[in-house]
Amino acid sequence: MKQSKKSFRHESLQDAETIQGLLKSIARGFARGELVFSDEDDEIIMQPEGLMNLKVTSNQEENRHSINIRITWQTENNSRKKNKSLRIK
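Numbered per this note's numbering, the sequence shown spans residues 1 to 89.
Calculated from the structure, these hints are not laboratory results.
Just so it is clear, CB atoms sit at the ideal spot from N, CA and C, and this is done for glycine as well.
It cannot be assumed that every hint is accurate.
Claimed, not checked - Cβ pair distances, simulated, as ranges: (1) Pro48 with Lys89: 35 to 41 Å; (2) Thr18 with Asp41: 17 to 23 Å; (3) Thr57 with Phe8: 43 to 49 Å; (4) Lys89 with Leu51: 32 to 38 Å; (5) Asn63 with Ile88: 54 to 60 Å.
As the list claims (entries may be wrong) - Under the rule of at most 30 Å between Cα atoms (straight-line distance), these lysine-lysine pairs were calculated in the DSBU-like manner: (6) Lys55 with Lys24; (7) Lys55 with Lys5; (8) Lys6 with Lys84; (9) Lys24 with Lys5; (10) Lys55 with Lys89; (11) Lys5 with Lys84; (12) Lys6 with Lys24; (13) Lys84 with Lys55.
Full structure from sequences and hints, please.
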């Protein structure tokens, strides 16, 4: 059975202080084991667990600078599915 796909995306112009507050909220969500992302249009709730993959990249190209932080993990149900061995008779 295929799990349904949910996604959330938000893009806006923010100052450094506001971004710092958002990053602190993400850190608190990891600490309590639940991340809730929402805006006027959508919401997604995630429960981070176990080992997670962290990828940080930064770029400077002329006057455009960027930082990307990507954190991924697999839920227990998905881990069990991937660890199942194939049997053919």
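How the hints compare with the structure:
1. Pro48 with Lys89: 35 to 41 Å: The hint (35 to 41 Å, Cβ to Cβ) holds, given that proline 48 and lysine 89 are roughly 39 Å apart.
2. Thr18 with Asp41: 17 to 23 Å: holds (19 Å)
3. Thr57 with Phe8: 43 to 49 Å: violated (21 Å)
4. Lys89 with Leu51: 32 to 38 Å: holds (34 Å)
5. Asn63 with Ile88: 54 to 60 Å: The hinted range 54 to 60 Å holds for asparagine 63 and isoleucine 88, with Cβ atoms some 58 Å apart.
6. Lys55 with Lys24: Satisfied, since the Cα-Cα distance of roughly 18 Å is no more than 30 Å.
7. Lys55 with Lys5: Given that 30 Å is the threshold and the Cα spacing comes to 22 Å, the pair holds.
8. Lys6 with Lys84: Holds. Lysine 6 to lysine 84 sits at ~24 Å (cutoff 30 Å).
9. Lys24 with Lys5: Since the Cα atoms of lysine 24 and lysine 5 sit roughly 27 Å apart, the hinted pair holds (cutoff 30 Å).
10. Lys55 with Lys89: The given pair, whose Cα atoms are some 41 Å apart, is violated under the 30 Å limit.
11. Lys5 with Lys84: Roughly 22 Å separates the two Cα atoms, so the pair holds.
12. Lys6 with Lys24: holds (24 Å)
13. Lys84 with Lys55: holds (27 Å)
Checked against the numbered hints listed earlier, the structure breaks hints 3, 10; every other hint is satisfied.
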